[in-house]
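Protein chains: 2
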Amino acid sequence: MDVEEFRIRGKEMVEYICDFMNNIHKRRVTPDIGPGYLKPLLPSEPPQQPEAWEDIMKDVESKIMPGITLWQHPRFHAYFPAGNSFPSILGDMLSDAIGCIGFSWASSPACTELETIVCDWFGKAIGLPKDFLYFSEGSKGGGVIQGSASECILVCMLAARAQAIARLKESPGHTHLDETVLLGKLMAYCSRESHSSVEKDAMISFVKLRILEPDEKSVLRGETLRQAIEADLAEGLVPFFVSTTLGTTACCSFDNLKEIGPICKKYPGIWLHVDAAYAGNAFICPELKYLMAGIEYADSFNTNTNKFLLTNFDCSCLWVKDRFKLTSALVVDPLYLQHTHADTAIDYRHWSIPLSRRFRSLKLWFVMRNYGISGLQAYVRNHCQLAKRFEALVRKDSRFEICNDVVLGLVCFRAKGSDKLNQKLLSSINDSGKIHMVPARVNQRYTIRFALAAPNASADDIDIAWSIITDYLAELLESKVQNKNEIIDYLITSS
Amino acid sequence: MDVEEFRIRGKEMVEYICDFMNNIHKRRVTPDIGPGYLKPLLPSEPPQQPEAWEDIMKDVESKIMPGITLWQHPRFHAYFPAGNSFPSILGDMLSDAIGCIGFSWASSPACTELETIVCDWFGKAIGLPKDFLYFSEGSKGGGVIQGSASECILVCMLAARAQAIARLKESPGHTHLDETVLLGKLMAYCSRESHSSVEKDAMISFVKLRILEPDEKSVLRGETLRQAIEADLAEGLVPFFVSTTLGTTACCSFDNLKEIGPICKKYPGIWLHVDAAYAGNAFICPELKYLMAGIEYADSFNTNTNKFLLTNFDCSCLWVKDRFKLTSALVVDPLYLQHTHADTAIDYRHWSIPLSRRFRSLKLWFVMRNYGISGLQAYVRNHCQLAKRFEALVRKDSRFEICNDVVLGLVCFRAKGSDKLNQKLLSSINDSGKIHMVPARVNQRYTIRFALAAPNASADDIDIAWSIITDYLAELLESKVQNKNEIIDYLITSS
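So the sequence lines, in the order shown, correspond to chains A and B.
Position 239 (the first sequence) corresponds to 239 in this note's numbering; numbering is contiguous.
Position 391 (the second sequence) corresponds to 391 in this note's numbering; numbering is contiguous.
Here chain A stands alone, though its shape is the one from the complex:
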């Protein structure tokens, strides 16, 4: 495909995308296919000769689209919002066309510099303390865009691990020990409500992880952490990393940073990370900033604009208070990557696991400018208000109950009754392809998560979703009653 064909195909693709967006509500939200559906539809070998663009796009519509779970569908209420907006798509288009790889400052200066600036912009907008910003007097901090929250937590855990090992090595009698012996002493902490990636990151980092019990509101409390740290210290272990969550995956609860922070500072060398992958974006609204109270104690903080700020995956923003601690755990520096400005410029390859990186800040810059802070606030507020609307509908119906504090765009609810009833309800709804939700265990009980997801969600969408949910509950209860009656009939007639 040459430039002139792309001029045509690119515009056709823009039209395809517009039509897709305009008509997405007419499609099923979940696909009506089973595992392995695609294999028989495609040849088992790649084509030897070029295929015409029209033929490829025909297959997109007939073979790919029927197999997609539509995260942008107005009835998609599963997982979390997958950020999406037109300025963001335009940013990725341009980033692809530029096609630079930003592993070092020299490999594309604008790619690095815009990332630093945009992270500062965003950090200011959500109200991060100044020492997380790069352009702030006396600051050793700064922001970076990672591929996922998993990687944000991992690099911080690795940095904390490197700091802890270095500190232990200086202790009397430790200098000649193999570092793995010291590693065996390290203990990380998180809550049972932390995202599963913390557990994965601890596996990768080969450190012990103590998973703490949150309170009845799914909140990790300071005293729980303190007791665990004391018990571990008494055993000769070395607490080195605490991963907290603002806006947990299951029920959007907020760990108590104001309690946890001072405890982390009380003991030497504990790195406090705050994972606010979803909720952190909401702090762009002044009235929601109270949710990050205690952030001043944190050593690092991440939030994913690709979750709750209209930016396409991947765009996980991470800030650290001490970038030198972060990079010291990740620096490897061969000649072919060295350049004359390495002393005065950021080389983001030392901030993350992968070496190469895309020009991801472009889409976030486009989004922040084209929406403005006011536009982004309006988006967040809309989701929060609609969640409140959904909550009110649930509360009005005595057959249901609410299972979380509804603060942002997530409502956890269940039909009063057994876990099995709720499982049945959810699977019948999901099978219908009309709306899509996923379950979570909240306070030991199976609950259904209703997540606000579509960028332009409206009150109507909430009302439609609720009417589908109540229809399916009614049907389920009716069939239950019918089953009961059938059993009674059977018992009577057979007796």
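Any given hint could be a false lead.
The list makes no distinction among identical chains, and a pair is therefore deemed to hold if it is satisfied within one copy or across any two copies.
[Unchecked claim] The list that follows gives simulated cross-link-like pairs (lysine-lysine, BS3-like), each with its CA atoms no further than 25 Å apart: (1) Lys39 to Lys484; (2) Lys169 to Lys208; (3) Lys325 to Lys265; (4) Lys266 to Lys208; (5) Lys420 to Lys325; (6) Lys208 to Lys325; (7) Lys217 to Lys26; (8) Lys39 to Lys124; (9) Lys265 to Lys434.
It should be emphasised that the hints constitute simulated quantities derived from the structure, not laboratory data.
We have chain A already, so just place chain B on it with the hints.
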């Protein structure tokens, strides 16, 4: 921006991209700015109100573009090719618009299934042994698209680490040992010519890494590895992972797999990884498949289509012979990610570090279909032939010498003379902004890497690059002579 504005802006962006591509040769290849250039050009706060699209695009052209190192420029010969093509850009556009997150099969079946199928397609096209393919009788293998080669190597190292620890734990007397004690015994191996990411991955995995000396052709040999393994075994260490390279970064040399493979198999539990990030793509040409001789010994293999197969970053393909070994090191499974088909479908989140993932296979599928295997072969062959043309020009000029075996699209050369002369030559060329190359140390000597990069590189591009290089050498030598004469004059007149 609503759908109707995107219909306009999207098409404008297509036009912008076409113009950018058509006129890229008129720009400097490296930017004429220093660190910190962008900060004063942008406001220090994000805008409160939405900004018009025209204003944003004006800033792209006036503020961003002057700071970009143009990887797609015909005079860009640094690093490696950053894959780019129109079908690939179209794939990313569609992937962004669909906006699904493919962490599990259920979260978007087509996203997972197309990835498995396309990896099989590509694996067949480059001639991987059948046990690396997913759809192959009796195979436990399969492919996955990762974000970078660093991650490909890391997940394999982690899998090998998990296997080795499990094996050690079964040994008599080891059951009650802390796993970190066992970790301290593990030894990984690579060549001095391996990519720096192997070293980084070993830091992350907290395992010892023995960096072996390659031969005078920068090739890691079997006997070197065997001796190292024997020495480490004698010390009570446990060799568990060997990372080899086909197509090294510095000079595109090929480790001798036919020697290394049998040695890895001779000792129990050594995982042999083959990193062919750049060169692996070339195996799509039958006449280049000989370069992967010995691949049958490998446990895992990666190649980045975003390097040398016209696909935009990120698209690193990794295949393993035993996917169960791979995932066993990475599985964490909370309720909110479980689904009813988990037993019969792939959940790619267990194959990689990040949980969330984009629909990356779409662009590779588009590229393979729109180019066809024949088109991709033609692209690879063009780069190889042009490298040969450049090599011939160097060889014809007695002031220069060739420093590597030119097999694919990389020529390492130097001006005969000191490292300092070559450093000066390279920096004066790079400062000019006319062409861009980076150095590498080959056989202890500072050399200049001339990498074929532009997708549509032509013979003219080679000739122009060579004439620029020789012009700068001539200028440098002349000024040297002049300096010499000036010194002689000074000595004469001052005596």
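From the Cα coordinates, with 25 Å as the cut-off, is the pair Lys169 and Lys208 best called within, between, both, or neither?
-> Both: 19 Å inside a copy, 17 Å across copies.
Intra- versus inter-subunit Cα pairing at 25 Å for Lys39 with Lys484 = This pair counts as neither: shortest intra-copy Cα distance 43 Å, inter-copy 72 Å.
Quick one: Lys265 to Lys434, C-alpha cut-off 25 Å, is that within a copy, between copies, both, or neither?
-> neither (49 Å within a copy, 53 Å between copies)
At most 25 Å between C-alpha atoms: does Lys217 with Lys26 qualify within a copy, between copies, both, or neither?
-> neither (38 Å within a copy, 61 Å between copies)
Is the C-alpha distance from Lys325 to Lys265 at most 25 Å within one copy, between copies, in both cases, or in neither?
-> Answer is within: at 17 Å inside a copy they meet the 25 Å cutoff, but 40 Å across does not.
First find the shortest C-alpha distance between Lys420 and Lys325 inside one copy, then the shortest across copies, and answer within, between, both or neither for a cut-off of 25 Å.
-> Result: close neither inside a copy nor across copies, 49 Å intra and 34 Å inter.
Which holds for Lys39 with Lys124 at a C-alpha limit of 25 Å: within a copy, between copies, both or neither?
-> Answer is between: at 15 Å across copies they meet the 25 Å cutoff, but 48 Å inside does not.
Intra- versus inter-copy proximity for Lys208 and Lys266 (alpha-carbon distance at most 25 Å) | Within one copy only: 21 Å inside, 34 Å across.
When no copy is named, should Lys208 and Lys325 be tagged within, between, both, or neither for a Cα gap of at most 25 Å?
-> both (21 Å within a copy, 22 Å between copies)
This entry does not satisfy hints 1, 5, 7 and 9, going by the numbered hints stated previously.
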